[in-house]
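Line by line, the protein sequences give chains A and B.
Start counting at 1 in the first sequence, then tack on 56, and there's your number in the working numbering.
Start counting at 1 in the second sequence, then tack on 287, and there's your number in the working numbering.
Hints are computed from structural coordinates only; laboratory data are not their basis.
Source: prediction; values computed, not measured.
Some clues are possibly wrong.
Below, computed lysine-lysine pairings styled on DSS-like, alpha-carbon distance capped at 27 Å [unchecked claim]:
no. : chain 1 : residue 1 : chain 2 : residue 2
1   : A       : K224      : A       : K205
2   : B       : K331      : A       : K80
3   : B       : K331      : A       : K78
4   : B       : K331      : A       : K182
5   : A       : K233      : A       : K136
6   : A       : K116      : B       : K331
Residue strings, one per chain:
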Amino acid sequence: MMGLQGSDWEQNKEALVDALSKAKVSVYIPSEFGTYHYVSNYRDHPMFKLKAHHFEEAQKKIPKVVGIFTALMMEQAFFKPLGFDNEKEVWTIVGDGDVPVSVTSNTDVGKFTTEAAIMAYQHPDKVPDHLVISSCTMTFQEYARGFDKYAESGNKTKIVGKPVAEAKADWEANKHKIPVYMVRFLILPFLPSFRSLWRVAKEC
Amino acid sequence: MSSADAPVIAIVGANGYIGKLVVPELFNALKEKRIKELRILTRKASPSLQATAAENGATVHEVVYSDSASLQKALAGVNVLISMVSFDMAYSRYDGSTGIRLGTE
């Protein structure tokens, strides 16, 4: 599936929704499992517009459609290319680190999706169209204190904040260069530097 | 909950990042009879996928994703479909109707 081009998969999604309708499948959980793009500043990105369009089209043909969204995965979030240098005990972030930010654990994705799928079939009226899995919501200051608790060095993590205006200007200047599969990182207040983003992109 | 209320669930994208997180929980639910049946839809059923599915009481169904009839056959009797295909990865090569370069691959 990974090798398919977007346009091919768009056609496949249409075939899938058609088949779901004709097979009288009650509940469809489309492939979201990423950023809750409906409320982001980047909801007009073509990738997210296609996702939203697919959701709307599916709702016309299938009795219950449920989108399940996550924050950045907890197990992947706090690593060096995103600004979290735990070796040097320095985190470079956007803002002052006093805004609550959610992360989602691998374990919760599996458990929550399974329960949501069962519940959406048994009690469709009790399940909203959009569900967001948020395992933990704290500020970066609080996350840092959590890391400090288990730091072998006994040191406190230093937090270096990048002004929001500077981060936004960086985004505007560089967004056309960003690989689409990295966009989900961008709409979180995680990235302090687009140089970091390029390192991530090269590693993927 | 009676087993009569337990849904038949089908999934696509079982081998992806999200799929590997969700499938073990679906296997658990199947063992607990909170799911009546679990079908794994795939383009090509590898022996390892077949074996893992069989060990856990699930079944594997080869489908052609572009063919609605093929999908309908695999979905007959299914109550819930979970798609976990990595759409943004697939989309990363897309350079079509929007005219915007979206990916670097």
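Status of the hints after comparison with the structure:
| no. | hint | verdict |
| --- | --- | --- |
| 1 | A/K224 x A/K205 | violated, 32 Å |
| 2 | B/K331 x A/K80 | holds, 25 Å |
| 3 | B/K331 x A/K78 | holds, 23 Å |
| 4 | B/K331 x A/K182 | violated, 36 Å |
| 5 | A/K233 x A/K136 | holds, 21 Å |
| 6 | A/K116 x B/K331 | violated, 30 Å |
When each numbered hint is compared with the structure, violations occur for hints 1, 4, 6.
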